[in-house]
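So the sequences go chain by chain: A and B. Number 57 in our numbering belongs to position 57 of the first sequence; there are no gaps in the numbering. When you read off a place in the second sequence, starting at 1, and then add 1000, the result is the number in our numbering.
Errors might be hidden in some of the hints.
Derived Cβ-Cβ restraints for the label pairs, each shown as a range [what the hints assert, rightly or not]:
1. A:D63 with B:E1008: 31 to 41 Å
2. A:A2 with B:K1009: 25 to 35 Å
3. A:S7 with B:D1062: 36 to 46 Å
4. A:V53 with B:T1068: 28 to 38 Å
Here's a subset of chain A near chain B, in silico, CB distances under 8 Å, partners left out [as the list claims (entries may be wrong)]:
5. G42
6. Q105
7. G110
Quick caveat, the hints were computed from the structure, so don't treat them as lab data. Backbone N, C-alpha and C define an ideal beta-carbon position, used for all residues, glycine too.
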Amino acid sequence: DAGVIQSPRHEVTEMGQEVTLRCKPISGHNSLFWYRQTMMRGLELLIYFNNNVPIDDSGMPEDRFSAKMPNASFSTLKIQPSEPRDSAVYFCASSLAQAGRSYEQYFGPGTRLTVT
Amino acid sequence: AQRVTQPEKLLSVFKGAPVELKCNYSYSGSPELFWYVQYSRQRLQLLLRHISRESIKGFTADLNKGETSFHLKKPFAQEEDSAMYYCALSGLSGSARQLTFGSGTQLTVLP
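Pulled out of the complex, with its shape left as it was, chain A reads as follows (with noise of 0.2 Å):
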């Protein structure tokens, strides 16, 4: 397996444009998590899925936020509109819950965005 796909690896936006991160899980993993990294509050849980359902959102930071998973292969994070203070590393993990099983979570190589 190729392990967590992410694209674009780099982003560079202006301020006010939509930003759309995509996200390809493992295959077989069942849950889904999407954390953003900054130097200033390290590593935040923004939202995660299990079986394609959204779980927890409470960190996702404001509306200009969301998150989507159609399938079991592919989740998008979206900025609308996007802001300076969203410039940050944005991380895609993946994970197989299931009960007995270790849970550790796989992540993807992270997208750099930056918003000008």
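We have chain A; now place chain B onto it with these hints.
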């Protein structure tokens, strides 16, 4: 509520010296703990999990339930160990399990 505390934001040691990265947790149930490592500008990678009782790249971590700690140790640090290290706890939150990460410790191994 579950919480993971890594008290040291930055840690520097000399090559060949022992290193210990501290991690304390708060969780009312039976936790599952992990250490993740992130090398410069790369993805987070799982380093080790407590249930495996393994040693990876010379690192070990023992779960101490009495002290609610899961410190990461290596007897002889190497320059290539320089990275950000995150301690994480897997516990039930509502109806589902999720990982709670600590704030991370940036380890620098000096030549």
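Structure-based check of each hint:
As the Cβ distance of D63 of chain A to E1008 of chain B is approximately 36 Å, the hint placing it in 31 to 41 Å holds. Checking the proposed 25 to 35 Å range against A2 of chain A and K1009 of chain B shows it holds: the Cβ atoms sit about 33 Å from each other. A C-beta distance of roughly 39 Å is found between S7 of chain A and D1062 of chain B, which places it inside the suggested range of 36 to 46 Å. A C-beta distance of roughly 32 Å is found between V53 of chain A and T1068 of chain B, which places it inside the suggested range of 28 to 38 Å.
The beta carbon of G42 of chain A comes within 5 Å of a beta carbon in chain B, closer than 8 Å, and the hint placing it at the interface holds. At about 6 Å, the closest approach between the beta carbon of Q105 of chain A and any beta carbon in chain B falls short of 8 Å, and the interface hint on this residue holds. Residue-level restraint check for G110 of chain A holds (minimum Cβ-Cβ distance to chain B is 6 Å; threshold 8 Å).
The earlier numbered hints are all upheld by this structure, with none contradicted.
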